[in-house]
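Asks: From these two lone chains plus the hints, build me the complex, please.
Here the protein sequences line up with chains A and B, keeping their order. Here my numbering is used: position 10 in the first sequence is 10, and no number is missing along the way. Here my numbering is used: position 81 in the second sequence is 81, and no number is missing along the way.
If you are wondering where the hints come from, they were derived from the structure by calculation, not from laboratory data. Just so it is clear, CB atoms sit at the ideal spot from N, CA and C, and this is done for glycine as well. A hint or two may mislead.
Interface residues of chain A toward chain B, partial, derived using beta-carbon atoms under 7 angstroms [to be verified]:
id : residue
1  : 42
2  : 43
3  : 45
4  : 108
5  : 109
Chain B regions said to be covered by chain A (calculated; three or more residues, Cβ under 8 angstroms) [as the list claims (entries may be wrong)]:
id : segment
6  : 40 to 47
7  : 99 to 112
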Amino acid sequence: GAGVSQSPSNKVTEKGKDVELRCDPISGHTALYWYRQSLGQGLEFLIYFQGNSAPDKSGLPSDRFSAERTGGSVSTLTIQRTQQEDSAVYLCASSLGVAGGSTDTQYFGPGTRLTVL
Amino acid sequence: AQSVTQLGSHVSVSEGALVLLRCNYSSSVPPYLFWYVQYPNQGLQLLLKYTSAATLVKGINDFEAEFKKSETSFHLTKPSAHMSDAAEYFCAVSATGFQKLVFGTGTRLLVSP
Numbered sequence: 001g002a003g004v005s006q007s008p009s010n011k012v013t014e015k016g017k018d019v020e021l022r023c024d025p026i027s028g029h030t031a032l033y034w035y036r037q038s039l040g041q042g043l044e045f046l047i048y049f050q051g052n053s054a055p056d057k058s059g060l061p062s063d064r065f066s067a068e069r070t071g072g073s074v075s076t077l078t079i080q081r082t083q084q085e086d087s088a089v090y091l092c093a094s095s096l097g098v099a100g101g102s103t104d105t106q107y108f109g110p111g112t113r114l115t116v117l
Numbered sequence: 001a002q003s004v005t006q007l008g009s010h011v012s013v014s015e016g017a018l019v020l021l022r023c024n025y026s027s028s029v030p031p032y033l034f035w036y037v038q039y040p041n042q043g044l045q046l047l048l049k050y051t052s053a054a055t056l057v058k059g060i061n062d063f064e065a066e067f068k069k070s071e072t073s074f075h076l077t078k079p080s081a082h083m084s085d086a087a088e089y090f091c092a093v094s095a096t097g098f099q100k101l102v103f104g105t106g107t108r109l110l111v112s113p
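One chain only, chain B, in its complex shape (with noise of 0.2 angstroms):
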């Protein structure tokens, strides 16, 4: 079975100051991982995968994540957080030859000026 752990509900940044959100995984095969963002109310949209292709996955607006499979980890950062980044972010995980996605809990991002 698989599933995915966000550390911490909510994380506040400053504009302009790091971003990172952690995810860890648990999965009995090699696992697909990915990160959505929602905005309020709105649908979930994809910031990016990982696909075994490459540990480090840039996705949309410069976020990335590295794929540690030693801390079975794939957080998420952005060097610089905007205003606009204030939403919440979902990691989630298939397993391969599965189609559904197993969601963490979220956290929500807060951005202060």
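Okay, chain A solo, but in the shape it has when bound (with noise of 0.2 angstroms):
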């Protein structure tokens, strides 16, 4: 079956642009996770969304960040005002989202690549 999709693969800004990046989790799967992975940081969480639970936003780093999920599916991460240290990796994950499951596993997108001119 499909699995988790991202869109651009690639997008390259200018300093003090607004982005949007997108995540189509696999059919079904209630959670979905954003990560961000860059050479200086290695791999950070961002932001979980469980069902019509408050996200956990505990990793975004500063308020420029934000993301939102719609209709329990596709999710944006937006970044706005995007500085040159923003440049990194995105990553998108679902997960069934099983109630009391720390062992859902979760399932990867390809990842947006950003870079911040």
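Replies: Here it is in structure tokens:
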């Protein structure tokens, strides 16, 4: 079946511009995660959505970052006023979101490579 | 708080040799531990996960890992390396009741003929 898809695969933007990154999770998965992978910081958790619960935003690095998930499916990560340090690969993952399931397997998309000039 | 430490940013082996990638964890609660592999320009793929059911966990492509509480380790092994195993490997931990993964810094596996 279809996996997690992300678009665009690559995004080049100028410093100060806003960008939107999209994630389409696996159908039926109620949990969705955003991570960032950069040379300096490795793989970092950004935000987590589970069903209709309030998202866990504890990993967002600044108030320039926000994310939403519409209709419990597609998610958009928005970065406002981009800075060069925002350059990274942004990975999305989804999982079934089994209640109480910390062992729930996260399936990752191919990522969006963001370059801020 | 949970964390993992991966010893060695690069590991080189010859084709057919044993693969050993090291991961030590720190957790205030019984952890859930994962190994993911990332091939160039691709996302992360789960190799195996420890969920307290069994200390020796078998994963895909003949990889396995053993949870050792006394050593706070979860090292990844494979008896015989293939060229196709060349990739970056990440150890990750998740705490009970939380879903976010905390990743190690990764180990790049190089396999030579």
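Asks: Each hint should be assessed against the structure and marked as holding or not.
Replies: Comparing the hints with the structure gives:
1. 42: Holds. Min distance 5 angstroms.
2. 43: holds (4 angstroms)
3. 45: holds (4 angstroms)
4. 108: holds (4 angstroms)
5. 109: At about 5 angstroms, which falls below the 7 angstroms cut-off, the nearest Cβ of chain B leaves the hint on residue 109 of chain A intact, so it holds.
6. 40 to 47: Coverage by chain A holds here, the residue count being 6 at a Cβ distance below 8 angstroms.
7. 99 to 112: holds (count 8)
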